[in-house]
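Given the structure of chain A, go ahead and fit chain B onto it with the hints provided.
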Amino acid sequence: MFPNTKIIYMVTIEHVKKNYGKASILKDVSLHVKKGRILCLLGPNGSGKSTLINCILSLVKYGGIIRYNNFTKKDIGLILEDEGFCKDMNIYNNLRIDSMVKKGLISKDELQQLIAKVELAGQEKKLVNKLSMGMRKRLSIASALINDPDILIWDEPYNSLDPEGIIFLRELIISLNKKGKTLIISTHLLAEVEKIADDIALIYNGEILSVMEMNKIIEQFENLENFYLHHIKNSKKV
Amino acid sequence: MSHIILPLKVEFIKLFRKSNVLFLLVLAYLYLTPISTLLQETKTISNALELYTQSQISLSIISLLVMAIFFTNSIGNDFVEGSYRKLIAIGLNKKEYIIGKLLLTLLFSTLIFGMNLSLYLILGITKLDTSLSMLSSHLTVALVLNQILSLFTAGVFGFLFIAVFRNRVVGLVFFPLWLSIEFTFRLMEYHSEIKILTTFSPGNALFNLYNTLNIEFIPLIIVVTTCILFITIIYQNLKHRDEKSQQLQ
Numbered sequence: 001m002f003p004n005t006k007i008i009y010m011v012t013i014e015h016v017k018k019n020y021g022k023a024s025i026l027k028d029v030s031l032h033v034k035k036g037r038i039l040c041l042l043g044p045n046g047s048g049k050s051t052l053i054n055c056i057l058s059l060v061k062y063g064g065i066i067r068y069n070n071f072t073k074k075d076i077g078l079i080l081e082d083e084g085f086c087k088d089m090n091i092y093n094n095l096r097i098d099s100m101v102k103k104g105l106i107s108k109d110e111l112q113q114l115i116a117k118v119e120l121a122g123q124e125k126k127l128v129n130k131l132s133m134g135m136r137k138r139l140s141i142a143s144a145l146i147n148d149p150d151i152l153i154w155d156e157p158y159n160s161l162d163p164e165g166i167i168f169l170r171e172l173i174i175s176l177n178k179k180g181k182t183l184i185i186s187t188h189l190l191a192e193v194e195k196i197a198d199d200i201a202l203i204y205n206g207e208i209l210s211v212m213e214m215n216k217i218i219e220q221f222e223n224l225e226n227f228y229l230h231h232i233k234n235s236k237k238v
Numbered sequence: 001m002s003h004i005i006l007p008l009k010v011e012f013i014k015l016f017r018k019s020n021v022l023f024l025l026v027l028a029y030l031y032l033t034p035i036s037t038l039l040q041e042t043k044t045i046s047n048a049l050e051l052y053t054q055s056q057i058s059l060s061i062i063s064l065l066v067m068a069i070f071f072t073n074s075i076g077n078d079f080v081e082g083s084y085r086k087l088i089a090i091g092l093n094k095k096e097y098i099i100g101k102l103l104l105t106l107l108f109s110t111l112i113f114g115m116n117l118s119l120y121l122i123l124g125i126t127k128l129d130t131s132l133s134m135l136s137s138h139l140t141v142a143l144v145l146n147q148i149l150s151l152f153t154a155g156v157f158g159f160l161f162i163a164v165f166r167n168r169v170v171g172l173v174f175f176p177l178w179l180s181i182e183f184t185f186r187l188m189e190y191h192s193e194i195k196i197l198t199t200f201s202p203g204n205a206l207f208n209l210y211n212t213l214n215i216e217f218i219p220l221i222i223v224v225t226t227c228i229l230f231i232t233i234i235y236q237n238l239k240h241r242d243e244k245s246q247q248l249q
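Protein sequences, first through last, are from chains A and B. Those letters in the first sequence? Residues 1 to 238, per my numbering, in order. Those letters in the second sequence? Residues 1 to 249, per my numbering, in order.
Certain hints may be false.
Unchecked claim - In silico SDA-like cross-links for lysine to any residue, where the CA-CA straight-line distance does not exceed 20 Å:
1) A/Lys61 / B/Asn93
2) B/Lys18 / A/Asn129
3) A/Lys22 / B/Asp242
4) A/Lys61 / B/Ile233
5) A/Lys103 / B/Phe12
6) A/Lys103 / B/Glu96
7) B/Lys9 / A/Ser107
8) A/Lys125 / B/Val21
9) B/Lys239 / A/Ile65
10) A/Lys103 / B/Lys9
11) B/Lys9 / A/Ile106
12) A/Lys130 / B/Leu22
13) A/Lys73 / B/Ile98
14) B/Lys18 / A/Arg96
15) A/Lys74 / B/Ile4
16) B/Lys94 / A/Val60
17) A/Lys73 / B/His240
18) A/Lys61 / B/His240
19) A/Lys130 / B/Val21
20) A/Lys61 / B/Phe79
21) A/Lys126 / B/Ser19
22) A/Lys125 / B/Lys18
23) B/Lys9 / A/Ser99
24) A/Lys130 / B/Ser19
25) A/Lys130 / B/Val80
26) B/Lys94 / A/Asp75
27) B/Lys244 / A/Gly63
28) B/Lys244 / A/Asn19
29) A/Lys126 / B/Phe16
30) A/Lys195 / A/Phe168
The set of hints was computed from the structure by calculation and includes no laboratory data.
If we strip away everything but chain A, and leave its shape as in the complex, we get (with noise of 0.2 Å):
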């Protein structure tokens, strides 16, 4: 639409491999991301989204190259698919310290704040392991917000969220994009995809099997699921 338009990459991934043992994890993925986009990661389980988030996020060593944009690990807000809260302290506490670690504590009232939005509000001295999975997924999404980050990375956000809280999830995904925001988003839940996403990158195997924008899988395809099952089954003929 813009031909001048200078595209701007947040995470540029290029050639990485990454090996369990003798299994082959990912094998030479490249991929960019765009800023202001939400990139949803799709493929079935054990195809290598959560590998790929691992790579980005260095918890675990891999060949190739990975470049942030100007913005270091701290700046990102993060969601993993296993939390990772200390499950007997209470959710302020936990925000408390995710909060030091990324910017330096932030004060009583930006945390309320963030607690509220989630709509946590009233909960805070609760301990981690007496809140439902769906609220603790709540807790990971303040956790995120936490510096008002402009790229957030959310490995499979939807797991154990009830419908209202996929909704819930929904309209923040979509406002923080309106403000501007990157998203990387790795799920198989393409209805939900098919709302959010700009841009699908299909992982199946270890491989990036396609990488298109939104727009342009409805144009060819109609919808996701389609363009899913299409690259799945000639990849597996392969």
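Quick look at chain B alone, frame taken from chain A:
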């Protein structure tokens, strides 16, 4: 400086989590037996030096055990629930994490040393009717450093088990098992004039150093070497290991 203060602040918040508080209460309960033994012994004790020696005998093993078990449990929590992985993911670096744990271990060592010392002073004043200056005449700088270093190394022992095995149960079982094996060395060499195993095995060296009033180079060198070796293994282990999610493990 923030590389030291930040991890220490994080550790300080985590220190008061429910499992740590409960664990400390259990460990305080375990302390009751040696304290009651010590109280019994005070009936036959007539001077401050004797009281000090007896308090060392009664409290040294439990103090070293408390350090190792507490840190095995507390650091084990970080790995079992994935909070270590998350902290690393959001930007705490591995060196900062280790520094935080070591500083907490040092603080805890000082606290336990202080508790043991207070007990000795309180018993001395109340049971022996001895003055504070008389009681503290046995306390040398070397003794303070020996005890704090021994307690610190015991805590590092606990950290080592978790860093290597990533399993709290293995850590909790392995440390007492290790100590009991080393204790058999002590029994084996009890009547022997040559005490090689009792002198040079790391657990025994900890115990020997803890109970040394002055500077003695052999236990000191063994404990310092052990401590440096353990910290190096912990660092290398955390540095080179993949932090996979529990689902991927």
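Going through the hints against the structure:
Proximity of A/Lys61 to B/Asn93 is assessed by CA-CA distance (about 15 Å); at most 20 Å being required, the pair is judged to hold. Between B/Lys18 and A/Asn129, the direct Cα distance comes to roughly 11 Å. Compliance with the 20 Å bound is thereby established for this hinted pair. Restraint check for A/Lys22 and B/Asp242: the C-alpha separation of about 15 Å stays at or below 20 Å, so the hint holds. With a CA separation close to 19 Å, the supplied pair A/Lys61 and B/Ile233 stays within the 20 Å bound.
A threshold of 20 Å between alpha carbons decides the hint, and for A/Lys103 with B/Phe12 the separation of about 17 Å falls inside it, so the pair holds. Our distance criterion of 20 Å between C-alpha atoms is met by A/Lys103 and B/Glu96, whose separation comes to about 15 Å. Among the hinted pairs, B/Lys9 with A/Ser107 is consistent with the structure: their alpha-carbon atoms are about 15 Å apart, no more than 20 Å. Distance check on the hinted pair: A/Lys125 and B/Val21 sit about 17 Å apart at the alpha-carbon level, within 20 Å; holds.
A distance of roughly 19 Å separates the Cα atoms of B/Lys239 and A/Ile65; the hinted pair therefore holds under the 20 Å criterion. As the CA atoms of A/Lys103 and B/Lys9 are separated by approximately 13 Å, the hinted pair is consistent with the 20 Å bound. Between the alpha carbons of B/Lys9 and A/Ile106 the distance comes to roughly 13 Å, so the proposed pair stays at or under 20 Å and holds. Of the pairs offered as hints, the one joining A/Lys130 and B/Leu22 holds, with about 17 Å between alpha carbons and a cut-off of 20 Å not exceeded.
For a cut-off of 20 Å, the pair hint linking A/Lys73 to B/Ile98 stands: about 19 Å separates their Cα positions. This hinted pair checks out: B/Lys18 and A/Arg96 have alpha carbons roughly 16 Å apart, not beyond 20 Å. Distance check on the hinted pair: A/Lys74 and B/Ile4 sit about 17 Å apart at the alpha-carbon level, within 20 Å; holds. Taken as a hint, the B/Lys94 and A/Val60 pair is honoured in the structure, with Cα atoms around 13 Å apart against an allowance of 20 Å.
A C-alpha spacing of about 19 Å is found between A/Lys73 and B/His240, which places the hinted pair at or below 20 Å, so the restraint holds. For the hint linking A/Lys61 to B/His240, the alpha-carbon distance of about 8 Å falls within 20 Å, and the restraint holds. Taken as a hint, the A/Lys130 and B/Val21 pair is honoured in the structure, with Cα atoms around 18 Å apart against an allowance of 20 Å. Taken as a hint, the A/Lys61 and B/Phe79 pair is honoured in the structure, with Cα atoms around 19 Å apart against an allowance of 20 Å.
Of the pairs offered as hints, the one joining A/Lys126 and B/Ser19 holds, with about 15 Å between alpha carbons and a cut-off of 20 Å not exceeded. For the hint pairing A/Lys125 with B/Lys18, the CA-to-CA distance comes to about 12 Å; that is within 20 Å, so the pair holds. Restraint check for B/Lys9 and A/Ser99: the C-alpha separation of about 12 Å stays at or below 20 Å, so the hint holds. At most 20 Å may separate the alpha-carbon atoms for a hinted pair to count; A/Lys130 and B/Ser19 meet this at roughly 14 Å.
The suggested pairing of A/Lys130 with B/Val80 holds, with an alpha-carbon distance near 17 Å, which does not exceed 20 Å. Between B/Lys94 and A/Asp75, the direct Cα distance comes to roughly 18 Å. Compliance with the 20 Å bound is thereby established for this hinted pair. Between B/Lys244 and A/Gly63 the alpha-carbon distance is near 16 Å, which keeps this suggested pair within the 20 Å criterion. Annotation: proposed proximity of B/Lys244 to A/Asn19 holds, straight-line Cα distance about 12 Å (limit 20 Å).
Between A/Lys126 and B/Phe16 the CA atoms are separated by roughly 15 Å; this keeps the pair inside 20 Å, and the hint holds. For a cut-off of 20 Å, the pair hint linking A/Lys195 to A/Phe168 stands: about 13 Å separates their Cα positions.
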